[in-house]
Amino acid sequence: MKRIIIALISGLIFGAGLVISEMVNPVKVQDFLDLFGNWDPSLAFVMGGAVAVTLFSSRFIMKRKTPIFAERFYMAVTTSIDSRLILGASLFGIGWGLSGYCPGPGIINAMINPTEAMMFLPALVIGGWIGQRYSA
Amino acid sequence: MLESIPSQALLGGILIGISAALLLAFNGRIAGISGILYNVLFNPLSGSERGWRMAFLVGLIGGGYLMLPVGFELRQGYSPILLIISGLAVGIGTRIGNGCTSRHGVCGIGLMAGRSMVATATFMVSGIITVSILRNFIG
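Residue numbers (the working numbering), protein chains in the order written: chain A, -16 to 119; chain B, 211 to 349.
Same shape as in the complex, but just chain A (with noise of 0.2 Å):
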């Protein structure tokens, strides 16, 4: 139980910061992309701040044993560069690009522009089970 409570308060945060920083409007994601064109640089500060963020925690994080309400760590089981991880980024940024959406504001934008979210999201759900089918 208090785990669920942990995952739901951090939802919470997580959604509240991609609204607030503006990562839900895919037009400001494109112009972030948009290097040598109308660049708008400032959602470099919503990677910025978050990694700033996880950087300085992560150092004390992940110098306790175990978790405080878990009993272990859960970490990436591939620590390998592979063609895979590249080509799945490659896509994924292609996709990224061609919409403005990646998968957290996608979902969050069911709620504000549903017109699209009726067809990216859909088809997001169909990519990530081809993608599954293809890495089992």
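It is possible that part of the hints are untrue.
Partial list, computed: chain A residues near chain B (C-beta under 8 Å) [said to hold, decoys possible]:
#, residue
1, -10
2, 16
3, 25
4, 26
5, 38
6, 78
Because the hints were derived from the structure by calculation, they are not lab data.
From the three backbone atoms N, C-alpha and C, an ideal C-beta is built for every residue, glycine too.
Following the hints, complete the assembly by docking chain B onto the known chain A.
Chain B in isolation, oriented as in the chain A frame:
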């Protein structure tokens, strides 16, 4: 100088970082949104494994809802074909590459994972190339 820092972007980013730090410190889990979503949808999970992921997704939507309405103009009339191709590419790509902006960009770099740094650099470059092509040659 201070006025030129986009404070909303910075504040939002700090909140996202705090969210990821909380989940790691208390539950030992990575706040990777695409992975959480696919695990809930496609993998048979035990009650507690499903429970925290569902709670995170409910929170994500709820947290976004609490901050509405948004202060920007909604995009209208965007190409449905682009939205669908985009969704497919994001879906396949984040599943094959094991993560999206949150997993690799926020959590992975915070943990100094080389794999996530490479993934983030890759999707940034491919996103920049895609928008350049889209805006200069297509729309």
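Hint-by-hint comparison with the structure:
{"no.": "1", "hint": "-10", "in the structure": "4 Å, holds"}
{"no.": "2", "hint": "16", "in the structure": "4 Å, holds"}
{"no.": "3", "hint": "25", "in the structure": "4 Å, holds"}
{"no.": "4", "hint": "26", "in the structure": "6 Å, holds"}
{"no.": "5", "hint": "38", "in the structure": "5 Å, holds"}
{"no.": "6", "hint": "78", "in the structure": "3 Å, holds"}
Of the numbered hints given earlier, the model fails none.
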